[in-house]
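Protein chains in written order, with my numbering: chain A, 3 to 455; chain B, 95 to 1106.
Among the clues, some could well be false.
Stated by the list, open to error - Derived DEER-like restraints, expressed as beta-carbon distance ranges: (1) A/ARG410 with B/GLN597: 23 to 29 angstroms; (2) B/LEU1069 with A/THR259: 42 to 48 angstroms; (3) B/LYS840 with A/TYR326: 37 to 43 angstroms; (4) A/SER327 with B/PRO862: 37 to 43 angstroms; (5) B/ALA440 with A/ASN329: 17 to 23 angstroms; (6) B/PRO853 with A/MET364: 56 to 62 angstroms.
For the record, the hints were derived by calculation from the structure and aren't laboratory data. Bear in mind that the values here come from a model prediction, so they are computed numbers and not experimental data. Beta carbons: idealized from backbone N, C-alpha and C, even for Gly.
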Amino acid sequence: MTLLTAVNPYQGAPKGDNPYARITDNVARIAEAERPPVGWYIAFAISTSLLAMFFANIGYLVWNGIGVWGNNIPVAWAFGIVNFVFWVGIGHAGTLISAILYLLRQGWRTSINRFAEAMTIFAVMCAGVFPGIHIGRPWLPYWMLPIPNQMQMWPQFRSPLEWDIFAVGTYATVSLLFWYMGMMPDLATFRDRSRTPIRKFAYGLFAMGWRGSSRQWHRYEKAYLLLAALATPLVLSVHSVVSFDFATSQLPGWHTTIFPPYFVAGAIFGGFAMVTTLAVPSRQFFGLKRIISLDHIELMNKVILATGMMVGYAYGMEFFVAWYSGNEYEQFTFVNRAFGNYAWAYWTMIFCNVVTPQVFWMKRMRRNLWVTFAVGVLVNIGMWFERFVIIVTSLTRDFLPSSWGNFRPTIVDYMTLAGSFGLFFTLFLLFCRYLPMVAMAEVKLSLPNSHEH
Amino acid sequence: MSDDPKPSFWRSLAELEGRPEFQELIEREFSAPVDEDALPGSPDRRRFMQLMGASFALGGLTVGCRWEKEEILPLTRRPEGMVPGESRAFASAMDLNGAGTGLLVTSVDGRPIKIEGNPKHPDSRGAAGIFHQASLLEMYDPDRATHLVRRASGDQRSDWTEFERWLAEHSEFAADGGAGLAVLAEPSSSSVRGSLETALRQRYPRMRWVNWSADYRDHELLGAKLAFGQSLRTLHRLDRAAVVLTLDADPFSPEWPAFLANIRQAADGRAPDDTGEMSRFYAVESAFSLAGGLADHRLPLASSRISAFAAALDALLSERLGAAAASHGPAQPTPRRDWLKDERVAKFLAQLADDLLAARGKSVVLVGRRQPPEVHALAHRLNALLDAPGKTLSYVAEPAVGADYRGSAVELAELTTAMNAGAVGALFVLGGNPLLDAPSDLGLSAAMSKVEHRVRLGLYDDETAAQCSWLLPRAHYLESWGDVRGWDGTIALQQPLILPLYQGRSDSELLALLLGEKPATGRELLRKYVSGLSDERAMRRAVHDGVLAGTAFALLTPTLASLPKLNLRDEGLAPDELELVLVTDSNLLDGRYANLSWLMELPDPMTKVTWANVACIAPKTAAALHIGEGERIELEVNGRTVTVPAIYSPGQAEGSLKLALGWGRERAGHVGGLAKSDVPPVGVNAYPLRTSKSLTVQNGLRVRPTGEKAVIASTQDLHAIDQRGREGRDSRLGMIVREATLGQFKTQPDFAEKAVHHPPLLQMWQSPVSYDGHKWGLSIDLGKCIGCNACMVACQAENNIPVVGKDNVVRGREMHWIRVDRYYKGSPEAPEVAFQPVSCQHCENAPCEQVCPVGATMHSSEGLNEMTYNRCIGTRYCSNNCPYKVRRFNFFNYHLDLKQPENQVKKMVFNPEVTVRSRGVMEKCTFCVQRIQKVKIKAKNARRALVDGEIVTACQQTCPAGAIVFGDLNDPKALVARNQKRPRSYVLLEELNDRPRVKYLARIRNPKPELA
């Protein structure tokens, strides 16, 4: 329990101050405030504008065809799938923090798990948009679902895209359940503190009659543990399956067995980077500095450093295996990645994902919020480029040089990418405003006095 | 009803009285939703229905049976009726610049949908070039001239009755023996037109008649005159030649009238499997031609230097032959040029002379039409020295060229002078487009404005028609009766497949009108002027076969004059001097096909550039001039300039730039450029650079880089390839296009299979399909393929492949199901080139099939990799996983333009047996599954087995080289099975274990060991 006490935000709190009340107050007042901080309005205005742009671009795409993007033959997949994999990757940290760290009894997770989970849900929602709109006939994605029909059609289960449907679908469902269930005691707290009938009704509805009885707590703990156990393999499986899209195909640069662990490590890496990117400003604006302390930030930065090293290892190993395979096409693909037309993308990725996290070897840097935020942003950029490098660069030059071709994004590509951030941040800002950003009940559970009875 | 003054039944008093208000009401009520005049050249809905009606009528669906009346005889055995929806083939023929090719036109319900070669025609033997095939699109072009226009003050819509009346009223130009009458015509091989021309000349002895085409064969004919004293035509027999030298010549390009026969004959000599022998080709040329691609030895040499090279060769051959050469007169003196002493050139020359002499009687020299007449004359002498006449070539008289022939350029200049002098009262322009392609310094336009009556018979309202007082729509050859003479003189009959869509008439019909012949329909003219057709049975037979046997020209044995010392363009090419070679375009010819989207999007065989003409420049020359790849450069010749993008062309002679004519048109149509509809010209018009001084090779070129980069839409090497990419490409080239020399092939016949080392290719499971019935496969002979692109157009026509436009090609979205990859090998100065047609490989272990989440691409029991368009949702995963990248995706709805009323007529070109794909679905080569099924059904109905060669894919059918063979691999006697078992057969990317059904036959080159 040394770790627990080390990160206890209320250690040494002034006498007479009830930490339980303060936690509740700290978290609940964000949602109960008359109006949110001005910064929230600005952020929300920007996000919703981006969201509107997102929908406008999707509408334009559906009306005209996939040709409004820069995709071509040979680069049949580009921004659409890059964004999909990017967002799915972001969606990893939440469940990892909630489930795996829970099972590993890492109490420090409690102060960040709620919004990490929310982030997961929103990221998976963003990810879910792309497979639907990137197909040539975007009104037919349901043909990939095993729905009994009169058209004599059935999905083709040898296709990794089909596996994706199930992997991401399951992950989204379990993550949502996990998030929602964990939120119930806190929703009940909100309900109880509500002053208007509308709030009371709404929170009451979603609190599903939570009264905090010991029987409810007992059931809750059991269910939470079970869901955590269910979600844990999913953390590993989702991105493994997403990586199968590439690993099972025979394109040089995709066809490699290292992909599942490499993708999972990358996803956790990117996910944590997104958590710190969101946590640093949130704790500032919403006054959560004591709940999400510098110790938490430092721990997350350690995870970023560790997974960043794993990703770096994978980058190196890919090169080694390409050389070791003796396969001409494989070797060329990797040389081309680093020195070909898209070398700039590759080196952006290396800089962001391998070089920048190295600053976290220094404690001073791990605890510096500006550095944390900057590295978080850079790692997110790097992880986006990682997917770009894997997907686009590999496709531009495959086996027959006659069909080589470059990819040039269109304005719609860029606007759709930016728009997906609009969707993400709109949802996130709404979450910050109306839902318990921190798992109050769980944080209280990790207070020292909870364990002194 | 408007013609009827007193209707028996009337709707209102206004109608009964024929008041104008009523007429107006009727017109308003039944008029097209859009103003007809606003859309010239576009059929409205009613017109379209009329056309369709006419087509059905032609198809014999109606009781009236127009089809019976016109007696278009089918090639199949059931002339008594036709099954609706069943396609049938009819023989017809097309003329291209004075040489005709017999064709078979497939027609469904009265609308022609596909053009193939007539197997009975001596040139074609079933093959067809890109122009023949694309001419179908020309007929359905909505931009064609749709009605007669009288241009006096403003455009007035007119009709033939009015024109005939006008003609009758204006007989003054026929006075004085037709002194005021002039005809400027596109060259034609038609004997009907020839006879009418003769008749017209007899009627009006002082009439001026000039044949003009940008691509006419002046130099060749004048060269023959120099050598023989008369204009002769040379027929080559490349199949009999063991050693062939082409001097700036491309006998395989459509500008060479007998190109189909040439390709076939050359290709036959390139498969040493059984005999162990093959021909050897030498090419000396400035720009890479198809012949240069096939050549075993190619020497890049500026066009201006070819004459000196030929003279040096003459000197060498005469010296070696000694007395044997003396009978042909003295040799040309060896020119003194420093570059001739260059080691590479000298060695090439010496070995070439050796080879030509060693194969004396089996060698031949061909000269291209860009070379001056002197070089042509010299070639006749070279051929005589090589004992070629009667063996590898023969001579026939050039029809319609008199002894006083001075060249069409001279005749055109004389006509211009006459027009300027006001001596011409009426000018009839038949076909062609002289105001586009006449020498730019001639002032033809100004001269024409001095002619009072300018009558234009043309397919389009083009540059020439714009300045004429009458525009008469010309009937497309698929709409009219006629005849054409092949290169060897064989007459092929041209029968209409459809009634004229736009009241067009043929050249012959207009001439008959001028002569006042009655009746003057095309068919009657044909029977009147082509001998042997007077008998009805003979006529029917001839129409059915499409070819009149025994009508070839008589072979001549002319005596070669002793050549004087020829003026061999002594200016040559100074070391720092640049030349510009203006050529007719590989896809648009002289510009006449500028509105055909199939050809616009067809990549140039060498540069692979679509939708533009570019200046080809040797990389070394470009570096010296500081020209970047794709940079716009300003070319200045004779004080005239054009600005055009430059691309680096490996194998281009140093100091020589090549630029194609026929682009940059402003009145081509909605595809090629139409100024009045704000459609910008496609490409750059190079005709202004072409002056009377020289119509082909321009010396004294000045080049100025502009620093501006052009967007070039090429289908290969679309983006500049960096150093890494080049290294990667070059290192794998030997695995992709496998080649060996004849010597290597003899010592190790299975070299191709051994070219790539890979682990044993095992299967993880037993194949669930045994392929007991048919097992379709394809074999492509890289030794035979010359890269002419005919297969691409055939595929486009057969499979309704859309055209995507320049912007989408730039994005890399072209749709061709079969592409011809072009790879250069060796140094950029003198590379070898290799062509490789790539279509879907129909892998048994297809990577595309495994990754489709909806099962839209599946394997058939006969081994076809089938695409189910309806089921495809467009994930494009299949394309990512296809190592050959042969899958094509509909990024947009590329048929949206068909919704426009004026484009309705374009729908008629579609093959009803192939789905027209909409947006968002993947598509690719099907091995022409519709053709397979059709023959299978036919065989099943007849209760017989399939015969090998009965099913031909579209690409195979049209390939003049016979490089593509399709068939059943389960039939050991089938040609495809035998081909695939040949030792030089290999599978592209075999190591991936996809087990394709397409196998390539490795190319064998036959270099002279001393030169290799």
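When the hints from earlier in the document are held up against this structure, which numbers fail?
1, 4, 5 and 6
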